[in-house]
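Colleague: Sequence:
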Amino acid sequence: MLIVDLPRRINDDVPGGKGGGRPVDSRPPRAAGMVNDFRGKMRMIGAGCADRHDVPRTRDETQGLRPELRQDVTPTGRIQQFLAGRISHLPILLRPHIIENHKRWPIIRMAQSVRQWEENSMSTESPRRLFFPAAQEVGLESFEIPNLAEGEVRVRTEYSLMSTGTENIVFNRIFDKGTHWDNWVKYPFHPGYCVVGTVEDSRSDEFAVGDRVALRSGHQSLSVVPAAKCTRIPDGVDFQEALWFALAKIAFHGALVADHYLGDTVLVIGAGPIGQMAVRWARAAGAKTIISVDSAGERLKLAADGGATATIASGIEAAKEEILKANGGELTRLVIDTTGNAVVFSQALELVKSFGKLVLLGDTGKPTDQRLTLDVITRGLTIVGAHDMHETEQWNARSITSLFLSLVADKRFSLNGLITHTFRPEECTEAYTVANRERSKTMGIVFDWRAA
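All you need for our numbering is the position in the sequence shown, starting with 1, plus 12.
Don't take each hint at face value.
Said to hold, decoys possible - Quick list of simulated restraints, FRET-style, between CB atoms: (1) K189 to D317: 35 to 43 Å; (2) E362 to S414: 37 to 45 Å; (3) Y273 to A316: 17 to 25 Å; (4) L274 to A146: 46 to 54 Å; (5) V237 to L274: 36 to 44 Å; (6) L274 to S326: 22 to 30 Å; (7) K378 to S326: 17 to 25 Å; (8) K198 to L274: 41 to 49 Å.
Please keep in mind that the hints were generated in silico from the structure rather than gathered at the bench.
C-beta atoms are modelled at their ideal positions from N, C-alpha and C, and glycine is treated no differently.
All chains, please: the whole structure from these sequences, using the hints.
Modeller: Here it is in structure tokens:
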């Protein structure tokens, strides 16, 4: 298990750029190193046994080489030399079996037996997952996967997407006591809820082995879930596009309560991942004006690519004049606050058109810092909250995800360029460092589990 104290790493310099973070020393422990070394040499030796028996070797070709690599040693001799130095590393229960059969087994068969053990041990390696042992600490641990029950599937993770807003609040514990955050977050905490993968085993009639699915699960290499919690990824949608299903679902709840209509005018505050999804739903609903505001100018091009008709690189407190200019001199009917920043609430109220609506889509950890203004009463504003758990019989996790994936498949929901950083699970320290220190330069932060 790898546990790293991120505050120490946050104070270090982290080079920017795609891929994020500096390289880490991810060499496996000694035992794993011997297994990998053995695998490589067995392949070399096997090749030698298969087609190098009759190749002449000269003394000059082999001078200075270690005995097990010298070409004047016969293939059988090379295997014997290699095994002599490796039998002591085999499991205790396996050693007598190998030694007892040494005289009766052809040497090649003995080598194959050891190699088979090694490959099996690697293939049954415990699944791994990320976890927060405490605030501002992240680790990678092994865990036991449950057996499949009727109606369940086992999914091998291809990629998982960091929900930077939620996970940074949890990671840094930026919330007040007594809030729903405080009741939810208990350490050790297992982050993540955006996963795409391949069905590895199924006890469901709905999915077969090899099917590609999207599911809510943590940052982990393997998941066992009810089939009903998975949504099939259609042909033509790649894994990294489908990854956005969960964040798109959150923004969809905002679009529902916003009551978008054709020709609507919308201001989206914040151009982070949720803000990007909110822009795209407004476009899909036929809004005429979609204004995206964010102090991080790097994010605004992605908002424009997703359907924003105007972008403003500014803090919200100084953006009013530009907003009026972008909407023909009027404020917008809808304002969607995706920031989760409590201070933005009162500023956003000033930017809603009279008798318009403010949608709170960002979930702050400090709700007592949100302040009403006179705008609510004097201008007849409506304030409505939206949350990922606000599901109905019609609009639930599967129906929303299916709609999202169908729009992506039809090229009506652009996701180009949204993934900015990809990390291996072993690089979790760097991933959360970048998410904390370089938020203005990040959008989609992805963990690649394909080699995990």
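Colleague: Each hint: holds or not?
Modeller: Verification of the hints:
As the Cβ distance of K189 to D317 is approximately 41 Å, the hint placing it in 35 to 43 Å holds. Checking the proposed 37 to 45 Å range against E362 and S414 shows it holds: the Cβ atoms sit about 38 Å from each other. At roughly 23 Å, the beta carbons of Y273 and A316 sit within the given window of 17 to 25 Å. Range check, L274 to A146: Cβ separation about 50 Å, and the 46 to 54 Å hint holds.
Distance hint check: the CB atoms of V237 and L274 are about 38 Å apart, consistent with the given range 36 to 44 Å. A hinted range of 22 to 30 Å holds for the C-beta pair L274 and S326, which are about 29 Å apart. Between K378 and S326 the C-beta distance comes to about 23 Å, which sits within the given range of 17 to 25 Å. Taken as a hint, the range 41 to 49 Å holds for the pair K198 and L274, whose Cβ atoms sit roughly 45 Å apart.
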